[in-house]
Amino acid sequence: MAERSLKASQQGRQLAKQAFDKLGITQETFADKRVGCSRSTISKFFRGKPVDREIFVKICRILDLQLEEVIEFPQVAEPTEEKNEAINIDVLVQEVREKIKPYIQERCGKMQVLDMTQSIGLGDIYTDVNILKEITGHRRKKIAELPQNCDPEEFDRLGLWHVTEERVPGLEAVRDHSKLMVLGKPGAGKTTFLKHLAIQCIEGNFQGVGAASRREHRLPIFITLKDFAEAPKEPEILKYIALQLSKCNVKDAKVKVEQLLRCAKVLVLLDGLDEVREEDTKRVLNQVQEFSNYFPANQFVITCRIAASEYTFQGFTQVEVADFNFEQIKTFAKNWFRSKQNPVKGERFIQKLEENEPIQELASNPLLLTLLCLVFGEAGNFPINRPELYKQGLDVLLKKWDATRNIEREQVYKHLSLQRKEDLLSQIALTTFEQKEYFFNQEKVEAYIADFISNLLNARTEPKELELDSKAVLKSIEAQHGLLVARATGIYSFSHLTFQEYFAAREIVTNSVWKSLVEHITEKRWREVFLLTAGMMRKADDLVQLMKQKIDGLLAGDEKLQQFLTWVKEKSESVEARYKPATVRDFYFSLSLDLFVNFDFSDSADLYFDFNFYQSLSKSLDLCQSRSLSLYRSQSLELSFSLCLSAHLGLDPELLRALNLNFLLDHIPEADSELLRAPNLDLDHIPEPDPIDHNPELKRSLQQLKDQLPNSKENLEAYKHWWEENGQAWAEQLRAVMIKHRNIGHDWQFSESQKELLKKYYDANKLLVDCLNSDCYVSREVRQKIEDELLLAIAEIKKRQ
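Each residue of the sequence shown is one higher than the last, beginning at 24 in the working numbering.
Think of the hints as simulated: they come from the structure by calculation, not from any bench.
Some hints here could point you the wrong way.
Claimed, not checked - Derived PhoX-like pairs: lysine-lysine, alpha-carbon spacing no greater than 25 Å straight-line:
1. LYS305 with LYS494
2. LYS262 with LYS202
3. LYS573 with LYS262
4. LYS808 with LYS822
5. LYS821 with LYS782
Please put together the full structure from these sequences, using the hints given.
Structure (structure tokens):
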């Protein structure tokens with residue numbers, strides 16, 4: 024190993040003297056109270072004499088000085104056959120860089136993970152990472168301070184795990200700290216980041232030939248700590264590096280690398296501290312600490328999984344790799360599919376992610392994002408059966424990621440197999456989800472673990488031992504798999520809400536607790552659990568039938584709402600259409616729902632009416648009677664009437680201004696049922712009652728109503744005055760005409776609670792049909808029965824049974 028002493032340069036002594044003078048104390052006090060050494064040692068330091076390496080480093084740290092600013096670097100000599108000739112250190116750096124460049128490019132310039140059949144260039148797909156200066160799990164926060172929203176109507180899954188801590192680019196963090204320990208969850212991109220540093224350095228883009236300062240002109244050395252720990256004869260790090268350089272044809276490698284290290288010319292990249300076997304850990308930790316102490320002025324970056332080790336290296340700053348935000352996800356996806364010569368598929372991938380928040384959550388982890396790209400690349404879409412996709416992601420974190428890299432981790436609790444870990448996570452997930460707990464205290468989750476493992480064969484059940492085992496299991500799951508993670512000191516959660524939902528559904532399927540699940544059918548936050556449960560079941564008949572019974576019961580006790588459902592059925596049966604009866608019922612239910620539930624009504628009789636609305640109203644009435652637009656007449660009339668009526672009730676004026684021909688043409692296709700996912704409506708097949716031409720009385724009534732409107736179209740004030748005097752009566756006449764001839768426009772006068780109940784009823788039906796349209800297995804008879812009875816009153820359902 025290198026010399027155990029360092030000395031200060033002339034410039035370094037001047038900087039140290041200036042910093043020392045600001046302390047306002049004597050050298051004796053500084054030596055005794057601050058450094059913990061003799062006064063003579065401090066005197067030697069300020070006189071430029073050799074001082075013990077550890078003392079030298081401590082003095083610089085106390086004086087807040089960078090080591091490379093203070094150390095006197097030795098003159099470097101390169102032995103030749105003829106004579107010892109002193110050369111410039113930068114020449115030596117450049118010489119060794121050229122020798123090892125092919126090795127670094129081969130070792131760090133490619134990536135091949137998971138099921139990739141061939142490697143891919145790191146530069147082709149690399150996406151800049153962000154660093155959190157504060158370790159997430161070290162924050163001192165209470166659960167109430169963490170972002171969460173349990174309101175079923177305002178549930179924001181993407182905002183649930185939102186991290187507000189400051190982020191900085193990864194390269195910036197390395198520039199700011201000469202010794203950095205980069206922590207991160209499994210698959211967070213730590214190794215990729217380290218390889219990127221090595222490539223950038225060897226190619227001169229970071230601490231290379233073009234560096235701003237000669238002191239930043241460094242040689243990258245990349246060491247996989249697992250390989251180092253398992254190397255034959257257990258060499259010291261210096262010898263291990265020299266062996267690497269020798270394989271790259273660097274002559275006198277040990278001498279040269281020591282010279283470079285003593286002159287602070289090395290970027291030391293140590294990857295995967297968590298991957299070192301337990302029996303090698305102590306030796307490796309000691310060697311890394313000793314090596315960094317011997318050569319403190321070099322740049323060091325170490326990577327390790329969060330919670331994998333409680334060890335803290337002296338002088339190292341700990342930071343955390345942040346999850347990808349959506350911009351980083353998009354950049355990675357575009358790079359990935361561009362490297363596959365299919366940028367169009369990359370755009371489609373991003374579009375599908377935007378439409379699917381649960382999958383988008385997983386994409387924040389670079390490893391899982393890679394998996395998603397592989398899956399999407401093969402099929403051009405995400406699997407219909409999302410549970411299968413999530414299981415693939417869990418398999419990666421639970422076993423494949425380590426297995427593909429030949430990493431064996433200690434089983435901290437020998438009785439907890441992989442299957443039992445999944446059972447444990449399932450039990451925790453359902454328990455916490457039922458209690459609306461997305462974040463939970465460490466003591467609580469350890470209690471859940473203790474309860475679970477106490478029932479395993481040969482488990483230690485003594486309270487103290489059980490407590491220790493539960494702590495060890497929690498740390499193991501966090502460090503090895505990253506499925507439970509610390510969000511603050513003593514506060515845990517699942518790494519992704521998607522995984523909490525998946526494991527909750529798994530627990531429901533395992534224990535067949537369908538009745539408990541359907542109690543949550545009107546809660547928005549349970550939506551994914553329903554879909555996942557249906558997709559996991561061998562046969563989902565029992566679940567969907569229970570859902571249908573629960574949904575029908577929502578409105579069963581309200582006579583007016585039952586009358587409304589009866590009207591929906593009668594109205595849908597009055598039109599001829601090629602769509603399924605449930606689709607047509609959905610059209611009229613949705614139209615009424617928009618008018619009476621979603622919009623903000625006012626009891627005020629005042630109405631903001633402008634000239635645009637007057638023109639739109641006339642145009643709509645003309646449209647309803649036009650022979651040339653007969654395809655639109657019936658629906659145009661009913662939409663026009665509904666919106667005129669809403670205007671009378673005081674609807675938002677912005678909607679009124681939209682009441683024109685374009686509005687009608689844009690909204691007619693929305694008759695397409697979201698419930699049954701029918702194809703987009705064809706203009707030839709719009710549900711159409713008897714044409715207006717066949718109903719002279721309706722035609723005459725509409726013309727009379729139109730004739731009542733003022734003729735002075737340019738006089739807005741006169742029109743507004745007319746509306747204030749006559750608008751209410753006019754709208755009531757229109758209502759009466761439409762009720763009589765089209766059975767639409769009934770003034771249901773729903774209460775606020777009834778409106779809310781209708782909305783929940785509709786959303787629950789939507790969830791039920793989404794389950795049916797997923798990749799779940801439901802018998803043909805049950806599927807048909809549910810479809811036939813959608814959106815029907817209880818009396819009608821009983822009549823059909």
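Quick rundown of the hints versus the structure:
no.: 1; hint: LYS305 with LYS494; in the structure: holds, 22 Å
no.: 2; hint: LYS262 with LYS202; in the structure: holds, 21 Å
no.: 3; hint: LYS573 with LYS262; in the structure: violated, 71 Å
no.: 4; hint: LYS808 with LYS822; in the structure: holds, 13 Å
no.: 5; hint: LYS821 with LYS782; in the structure: holds, 23 Å
Checked against the numbered hints listed earlier, the structure breaks hint 3 alone; every other hint is satisfied.
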